[in-house]
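Q: Now for the letters of each chain:
4 protein chains.
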Amino acid sequence: MIKAGIIGATGYTGEELLRILAGHPSVEVTAATSRAAAGKKVSSVHENLKGFYDLTLENLNPDDMKKICDVIFLAVPHGAAMEVVPELLKDGTCKIIDLSADYRLPVSVFEKVYGSKHKAPADAAYVIPEVHPEITKDFKGRLIANPGCFPTGATLAAAPLAAAGLLKSVIFDSKTGITGAGNTPTETTHYPNLTENIIPYKLTAHRHLAEMVQEISRLQPGFENISFTPHVIPASRGIMTTAHIETKEKLTTADVKKIYEEYYAGKPFIQFAETVPSLANVRGSNYCHIGMEADARNNRVVVLSAIDNLVKGAAGQAIQNMNIICGLKETEGLRFPGLI
Amino acid sequence: MIKAGIIGATGYTGEELLRILAGHPSVEVTAATSRAAAGKKVSSVHENLKGFYDLTLENLNPDDMKKICDVIFLAVPHGAAMEVVPELLKDGTCKIIDLSADYRLPVSVFEKVYGSKHKAPADAAYVIPEVHPEITKDFKGRLIANPGCFPTGATLAAAPLAAAGLLKSVIFDSKTGITGAGNTPTETTHYPNLTENIIPYKLTAHRHLAEMVQEISRLQPGFENISFTPHVIPASRGIMTTAHIETKEKLTTADVKKIYEEYYAGKPFIQFAETVPSLANVRGSNYCHIGMEADARNNRVVVLSAIDNLVKGAAGQAIQNMNIICGLKETEGLRFPGLI
Amino acid sequence: MIKAGIIGATGYTGEELLRILAGHPSVEVTAATSRAAAGKKVSSVHENLKGFYDLTLENLNPDDMKKICDVIFLAVPHGAAMEVVPELLKDGTCKIIDLSADYRLPVSVFEKVYGSKHKAPADAAYVIPEVHPEITKDFKGRLIANPGCFPTGATLAAAPLAAAGLLKSVIFDSKTGITGAGNTPTETTHYPNLTENIIPYKLTAHRHLAEMVQEISRLQPGFENISFTPHVIPASRGIMTTAHIETKEKLTTADVKKIYEEYYAGKPFIQFAETVPSLANVRGSNYCHIGMEADARNNRVVVLSAIDNLVKGAAGQAIQNMNIICGLKETEGLRFPGLI
Amino acid sequence: MIKAGIIGATGYTGEELLRILAGHPSVEVTAATSRAAAGKKVSSVHENLKGFYDLTLENLNPDDMKKICDVIFLAVPHGAAMEVVPELLKDGTCKIIDLSADYRLPVSVFEKVYGSKHKAPADAAYVIPEVHPEITKDFKGRLIANPGCFPTGATLAAAPLAAAGLLKSVIFDSKTGITGAGNTPTETTHYPNLTENIIPYKLTAHRHLAEMVQEISRLQPGFENISFTPHVIPASRGIMTTAHIETKEKLTTADVKKIYEEYYAGKPFIQFAETVPSLANVRGSNYCHIGMEADARNNRVVVLSAIDNLVKGAAGQAIQNMNIICGLKETEGLRFPGLI
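Chains as they are written, first to last, in my numbering: chain V, 1 to 340; chain E, 1 to 340; chain C, 1 to 340; chain R, 1 to 340.
FYI, nobody ran anything at the bench for these hints, they're computed from the structure. Incorrect hints may appear among the rest.
Copies of the same chain look alike in the list, so a pair counts if it works inside one copy or between any two.
Result set (DSS-like, lysine-lysine): computed pairs, CA atoms no more than 27 Å apart in a straight line [unchecked claim]:
(1) K168 to K248
(2) K168 to K202
(3) K119 to K40
(4) K250 to K168
(5) K140 to K329
Input sequences plus hints: build the corresponding full structure.
A: Right under this line is the structure:
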């Protein structure tokens, strides 16, 4: 059994890690930390876990964690991961999977995008498994930078065309559930402000754009003509990414479908929708559903990807990454369907 | 033109007063106060009012208000009304319509229910116009205690049977939209906690119960066998009250309908549903829709009332009360249908 | 491996059986039937199951089913189960778990409540496992009548007090998600009619009342003073039952809690809420969460139960019943937390 | 008083015409037609109108209508308007405002886009008042083609830049409430399919695209580089249009704002959001709220427009058009704020 610890276990991604790991046959959660809720039972804070954990939240320091964990998930806000990563990396062999943004970008890009100095740079591998097949059980590093939710949906929507070198311009118009904003009540999460509404924000300069550019330009070197506009929809979970893609050549829908099917062949978490994907079909699951249509009039293609922001966009992908680098089956503990 | 002022204009009931008064032909809003938002335009804070008001929010004291207003609406939290009512009543002739709970109950009851001393008792008339026909343009007082949202829905659901002396026991199982909780984000108003859910609270001892007992026992002297359990539903607006009523005699649905139709004859804001009432049909309006069914097996009747908690349950009823005591037509400025 | 078949696999309960059985370690789904969708892949009709089933829907008759299934789930509308049960029972040994209403009531009661003649009476066991401990792996029958969704929530909310003989009157005010109405679009399921609304229906005479009376009067012989009013809330899944209970004796909240904890001791799917239960905490799961409060003023108690109508209220309980009568662990394949 | 008739009064746009006209001081509704519901009271079919109309739905023919109406609104499906327009135009002087698509496009374009022969071509004026100032009370025609909901939102989002000749490419990514799909229950309108979801459809070839091209290329001759992808969001009302615009020149946000403010100066129903527009602020109203941001990195601008699809996108704009061609004040009967 792999002993797993979660630093920051009271937020949504912490809860999702606990929810999924409750059913993972090769993992036992040995530690879950919280400052504010230390001393409370995990299942008192996350009542959906009643009957699953007898664990108590503790305010553990990194040294304590290292002693009792083989893998440590960092489910903390941006800026907080870099506070503990150096100590976690010092001696020991525990693997670290950081769900924050702290290690996703090169330091210079990070500092520009996040507007503050990086306190503890370290080598990390940014891994969306479907587009980073180079990361395997032979991975020698100890730190995984788990991708952002929007970049996961966007990259999965554009990667096959990027890998084929066919992109000319891409606009990601993304629609996310509100859990992406965390579980602290704010004006945006206030029910009357969101229900029966849609809230566009950061229209041209969301911080996740840098990750999208990084990943897509890696697949199609030199390509950076990417725009990104996020919206919050009245939903708790899910990201629907509408990728408006201009291609270098005219493609039919069948051409595009073939490119995607070949690129994602053998990837267990990628499925193709009968027509368009639906957030309901991936709700609570680690799957990404994809659909597409080429515009008959021009060189444009619309590609859609649907993921659960908390699972494939966060906790599920983190566990998928753990499975891979720990030599488990990629799908272990993650084979459950979406909840319609 | 009646000059109206609103103390506490940034909350939901303040906004609704402004929204409705924007279309009231005999009223001009001359003052709207806020501490936190003083200096901002009303229409910057409530963007739905863009194009309707050029008014700026000010941090006015009661004395200032009295000079420029004929009617003053108090759209403040409980406990705050009693801080300003004495000064508003001192000299002058302005009418005061208090939407808080401060003047709805006798002092002794208030202090028991709200758990704190009443700082400034004063004579006030508690008025749901449909059950208080004694309040007319000849009203000599200056202070109206505008009823609570739940008590409005509950009293309208039970009043005809109470007036007929037929009640044996009543359980109000009420379902409210979340705007009743105000516009400050909290755990309950956090979108993921409410969507696709229903939140029961204060299962046996909500403070509004005292108002229900007061009004229903006034109509059927001595009757106090009333229970009340509120729930929040995933809706911004509306209260559906399901009144589970045990009657002294066996009644058919037709019997009950006749009692209600006679009791509410000539009341412009009461309408009877074809089958069951719907929150959609009263959304944004001052109407109360009512439906009912007698249980063929016993002496029980289920009566349903649907209102908009912010309109008939707050701002609309306040304006209806203003119309009545100011000698305007009861429906003036309030004749607009629900928004389906 | 138990070979399971599903008759009626395109509806919501059929889908839920497939979803849950996809993760059941001791069950293989060998047949799924549909008339309208015969020839289509299960995963084309239920796209959340892409990656889980290669099975094709077929229009199989009962004889075919018997040959390839050890257990057959009937996920068909009321009236359709009795069309196939006789043939399924004739020879063979397959177990039948009927999710329809056809075998839940004695024939005479069924015919009165459902208003039509029963075509094929048969012995069946009505089983909510938590209140029917007499059904074990030694069950000799072949037909289980799986309980209705509302009766499951209601019975679990009142059973401990009934078993203690303490009930004087009970009103179940239930709030259900709309999937209980099936997946055929109707006026009630039309999005604009339900969102931001609540729809009461069958105010005094819903057909599920007979099941509640049957089960509760079994626990407290002679007690039939039960009323039931259902409402649809803007939610896909879940039933929150608010049980307004009048007891023979005055009880404190602590008294009531003790009665429930003792009655449900050792029942894995019953959990007690920290304060009030939440549909979110049981969403997609087989758990029932319970909360309660006694009214300090009188002999009344409010008990709340939260279940997922499609899981504990249908498919999950059916699988729980299958586990029990097949000698598997009661919780096998059902140990997954709610999806917040 | 203008006597108004509504052909097709049971749908959502029919209901909205009735709802708004109930408060229009210069209009009396003298006829409302329906085949299926003939003989029923308007207020039995639209219960939100209880207390507002005593009118009965009738199955009137065009000749009957002409005799009792000065203005006739056609709130019928596409294809049905052309069945009655010739008769309505024959003799008489009644004005016709057609809310269907039948007269919005030149015949040749119509036949290509709608895939069927036009049975009764006629001269009509396509009018979004804010971009068609040439239509005034001096309008000599009798037939107004009321614009589609998506084209209204899209055109208002792009018109100022088009009029300035600055467009290089435009992608409209639109998000609509479900009432745009009508009030007949379908799989798309089925509550569980839409709640907590977003449904993209007709990804590259929605029929409304032709109207957008027509209007925008009228303002910027020769410009046709327009794409359009609609999505349904979990909302009854509203269209949020996210216009991803590539401009010929680099513009700052201030530049863009100035262009929009100048273009829409004096237009009463256009308002600019403090930051981004919100569907809540225009819910139920005839207003269009606009916001924008230029991308600092390139020649791209994101412009957002928010309207209520049933009001500014249908019934409200129809009444606005009626006001204009009948010589009333453009805003008469339409000055009510959005319902937050």
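Q: If a hint holds in the structure, say so; if it doesn't, say that too.
A: Hints, verified against the model:
1. K168 to K248: both (5 Å within a copy, 18 Å between copies)
2. K168 to K202: Both: 23 Å inside a copy, 23 Å across copies.
3. K119 to K40: neither (31 Å within a copy, 40 Å between copies)
4. K250 to K168: both (11 Å within a copy, 20 Å between copies)
5. K140 to K329: within (18 Å within a copy, 41 Å between copies)
Of the numbered hints stated above, the single one contradicted by the structure is hint 3.
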